[in-house]
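Undergrad: The listed protein sequences correspond, in order, to chains L, B and D.
Numbering-wise, the first sequence is residues 261 to 483 according to my numbering.
Numbering-wise, the second sequence is residues 622 to 840 according to my numbering.
Numbering-wise, the third sequence is residues 183 to 428 according to my numbering.
These are computed hints drawn from the structure, not numbers from a lab.
Just so you know, not all the hints are guaranteed correct.
As the list claims (entries may be wrong) - Per label pair, the in silico range of CB-to-CB distance:
(1) L:F382 - D:D320: 38 to 44 Å
(2) B:R624 - L:V482: 36 to 42 Å
(3) D:S249 - B:M652: 56 to 62 Å
(4) L:I298 - B:P773: 34 to 40 Å
Claimed, not checked - Subject to a maximum C-alpha distance of 25 Å in a straight line, what follows is the list of computed SDA-like cross-link-like pairs (lysine to any residue):
(5) D:K302 - L:T262
(6) B:K687 - D:S207
(7) L:K338 - D:R269
(8) L:K338 - L:L362
(9) B:K686 - L:R353
Computed from a predicted model, the values in this text were never measured in an experiment.
A virtual CB, placed ideally from N, CA and C, is assigned to each residue, including glycine.
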Amino acid sequence: MTFWNKVIAITWKDWLSEMRTREVVSSVLVFTLLVILIFTLAFGADRELMTTVAPGILWATFAFAGVLSFSRSFVPEKEHGCLEGLMAAPISREVIYAGKGLSSLLFMLIVEAIALPAFAFFSNVPVLSPQIILVTFVTTVGFVAVGTLFSALSANTRAREMVLPVLFLPIVIPILISAIKVSELALTGEPWSNLFTWFQIIGAFDLVFLAVSYLVFDFVIVE
Amino acid sequence: MKRNLLLALGFVSVVITLYLIFVWVPTITEMGIVERIFYLMVPMGWLALLAFVVTFAGSVLFLVKKQDRWDFLARSSAEIGIVFTTVTLFIGAIWAKPIWGVWWTWEARLTATMILWFIYLSYFVVRSFATDEHRGAVFAAVVAIVGLVDVPIIALSTTLWRGMHPPALVFKGDIAPEMLLVMLTSVGTFTILYVFLLMLRVSVRRDEAEVQRLKELDR
Amino acid sequence: MTAKQGPPSTPPAIRTEGLTKVFGSRMALRGINLEVQQGQSLVIFGPNGAGKTTLIKILATITNPSSGTFSVDGLDVKNHPEDVRRRIGIVTHQTFLYGNLTAYENLEFYSRMFDVPGRKERIHELAEQLGMTYRLHDRVATLSRGMQQRFSIARALLHKPSVMLLDEPETGLDQEALAILWKALPGENERKRTIILATHNLERGLELGDRLVILDRGKIVYDGLREVMDLRNLEEVYRNATGANN
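Just chain L, same shape as in the assembly:
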């Protein structure tokens, strides 16, 4: 129980800080909306083409939004040595992983909750279906599982902004493919049962990488 109390204390601390500056959510949101705008502008005139490319655009956008948001995740922890303060506190390192992950999940979901309707609005593609909303949620969990680990790792390197995408993007390709596939199938009106395999892949990815990241997180933050 104290585990989750402290996880939530970390998330609450990030939330308070974010509410005051809106640094992460606002910058990631503006970026996401701009990318959506540019893509829908480029393909939007052709309804049929738009429906075909919509899943790819949507997930490319969310993947980049993830990179941008994770690259900020450990910045406040490094600024006045706060991460060292956390490490000197009587909590296991995994609490830090869970707490930072939960904050990132929260911020990503807020961005997506605004970006998804915006995408539907600009592209005239009905992406607000329950299938796509569900796949957005589970894929974001996978992004956060990997992204939080690599965010902590890249924060300890000399070129955070460069290292993070190089690490993050290849690893998440399987769930990116799966999410695109689910969105495609959902848009062509396939029943839930045909999406099941893809949800299974994403679910397996989420579980595996939550577990692996949890296990190796210690090595990433301790000198």
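Please build the complex by placing chains B and D on the supplied structure of chain L, with the hints as guidance.
TA: Structure of chains B and D alone, referenced to chain L:
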């Protein structure tokens, strides 16, 4: 000593393999002469994976036991592995051109190999951007572990994504016995080459570390 | 070592066994064996790069040693990492405070991390002690560096640590804050707080320490009690111990 023995063995088996590929084995499938590229592509692809598995094992041992020699093993294997992966991609492209008429296609195994190449790349990127050598080694080990765990998921998703293409010849079971023999010989030969290169690289790395240590003592 | 041995029943506040730390091919610590008695004030002197910060970070469990181990109040760090951390407070030149949160929110956050009972009262008590109550609800980023450092001292004292680690606290602390820190150091519990101070300021260290240690290139090159030492004496010992590079 062991290394020289391995070198001799490798030399003999290279000669045998070349003879088998270019003289002994007949052209069997309807692909024509192009099929012979398989005798190179299959062992390369196999080594790309094997080298990564060795990197993974070395990385786990390094993180658990905190002994530098496991990092030497992991890193050396990754260096050889990225070379083999690169070669696999090139051969894949050369093969794709006459068969499918394009240099590159998002065929499942090519796609998976491409992703593997990028994971190998990130293994070296974290190392070179880490603030000190030891941290770089730890970070790279983490990348290797995360990367290897990802490999089956990548294979599964790319295969399903491209639909069920004809599976690898070997697994279909109707490969000609001559082809299979040559393929296995070639795999064996290249595995010997890999082990030889690995031993060589690890010993060089060990010497480098020793020199560093002596320099440090001197200071 | 030459330090006074306490009664055998109480374990030493800190006991290190063969601590080493290797960064790549550089040895930052080369086998540190230290036993610090309960309530002792140990001052670690040494030139830059001697390994002072590394040692403090290892004792705070922020960095893992390459080999060796240590215990606090007889609790081994490998088996009881959280009990060890609960007993330790740390002040460095970095504040460990989040700039976007108010001082109160920062202290509240850390008291949750340390399971401090009666958080609100404790925070107000410390703020008063440090004379900072009037800035308690301001964002840390808007405070001057000296004020931030004072709240950083409050942060370190929140959980009434029995061992206080100080890494060059005089960089970034103004005179007044330093005076407050010294006053708060001896401890609020019945038992006297154990202090480990890393500094290169000989004069300041001599004032505070009752045991002096000199660290050079990762090794302890001098270890003795304060009683026999004055500043001139210490300067000479320091020069001899650290060689010509100072």
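Undergrad: Going through the numbered hints above, which ones does this structure break? Give me the numbers in ascending order.
TA: As far as the earlier hints go, not one is violated by this structure.
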